[in-house]
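Put chain B on the given structure of chain A with help from the hints.
For the record, the sequence lines run as chains A and B. Every letter in the first sequence is one number past the one before it in our numbering, and letter 102, counting from 1, is 102. Every letter in the second sequence is one number past the one before it in our numbering, and letter 95, counting from 1, is 95.
Derived from the structure by calculation, the hints contain no laboratory data. Hints are supplied without guarantee of correctness; some may be wrong.
Unchecked claim - Which residues of chain B face chain A? A few of them, derived with a C-beta cut under 7 Å, are:
1) 56
2) 58
3) 75
4) 76
5) 106
6) 129
The beta carbon of each residue, even a glycine, is placed where N, CA and C say it ideally should be.
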Amino acid sequence: MKDKKTHNFLVIDCGTCGFIINRTQFIASSYIDDNLSASGQDSDKKIRLIDYAGEELPLFDLYGFLLNKFHLTTDTEGRIALITETNILTRFKNGEALKKISNYAGKISERYIAVRAGNQSVIENISLREIKPYPRPLNKKGKHHGILGIRFLDRTKIQYFLDLDIITKQIIGESYENNLS
Amino acid sequence: MNNDELLQEIIKENHNVENGEELEQSPLMKFLVFSIEDNLFAVNAEEIREIVLDVPVFFIPFVPSYVRGFINRHGEPYTVIDLNVLFQQKLLDSSTFIILSDRDNPAAFMINEVIEILKIRQTAVRHIAESESSELYISGSLTSGGGKEILIISIPEIFKRLERDVEG
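Just chain A, with the same shape it has in the complex (with noise of 0.2 Å):
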């Protein structure tokens, strides 16, 4: 019998709700100091800077952008950070977002970025057979949003397949549009 394809995913868990991730598309994850978790909700709305490989990155916070867009609560922590290697900071409107985070938080990484997810983030290997596609005809608006699929763990647990780089891309618009325009 032919073995079932697996791969790995981080799998960020928010209690009914979690969220799956392809471990190919971030290069290594650390943690926040207790300075940067409270991401969001400080009055000092810029964009936080992580170090990593000596360089300074600037820190997204995907996880308050997934509570939010899900409608989820959840008393978990993010303090975990995902560095993913992209020049999306540097294409983002001709590098105008780049340019105007360098010009108050100084030389940023323009190879690297972080975004902040949950506490409950771990590696797992998930039978490709589990993720069912987003369903037509919201395949395409799904796929707009970088949601890929559906994973349900069982009748009262789902999963949503993201693509990180599309969803990192609306997290940077909105942080441009309401911090660094």
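Chain B alone, transformed into the frame defined by chain A:
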């Protein structure tokens, strides 16, 4: 054939004319009749796969308000459409669903209650003009045994609207 037999045949023939001979001979259709708040609606029973009770609806973002989320049927996601939002602009509070049989568009309607399976002659279905159908999401109407008017949902029109809304 004696006169009594002849008379019976005459009565039968006249009865057929009064009720419309075509009506007697037109094929039977089965409709699933259900309620949404105080209104009765029907869909062709062939368009329905199953009726599901008491399952949770999982919220999905970036969709129109009449898309209430997904339900899980045997591990597959089905898009839940709240017809009450389309018809009355009000969210329905229910955990009863009818799963549609179109496997290319896996979806379910949120309803209050299944009332009955109605068998009626095809000619008893009153169709409405296509132009009205697209605006109202209704393809016609029929009358229940109790004399109530029941609106027939046009499933293709609902999907056309959904496709417009999610692609626009």
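Hint validity - residue 56 of chain B Cβ closer than 7 Å to any chain A Cβ: holds (6 Å)
Against chain A, run the beta carbon of residue 75 of chain B and see if the smallest gap drops under 7 Å. holds (5 Å)
Is the interface hint satisfied for residue 58 of chain B? The criterion is a beta-carbon contact with chain A at less than 7 Å. holds (4 Å)
Would you settle whether the hint for residue 129 of chain B is holds or violated, based on the nearest Cβ-Cβ distance to chain A being less than 7 Å? violated (26 Å)
Closer than 7 Å between Cβ atoms is the bar; does residue 106 of chain B clear it against chain A? Give me holds or violated. Residue 106 of chain B check passes; min Cβ-Cβ to chain A is 5 Å, inside 7 Å.
Closer than 7 Å between Cβ atoms is the bar; does residue 76 of chain B clear it against chain A? Give me holds or violated. holds (6 Å)
Checked against the numbered hints listed earlier, the structure breaks hint 6 alone; every other hint is satisfied.
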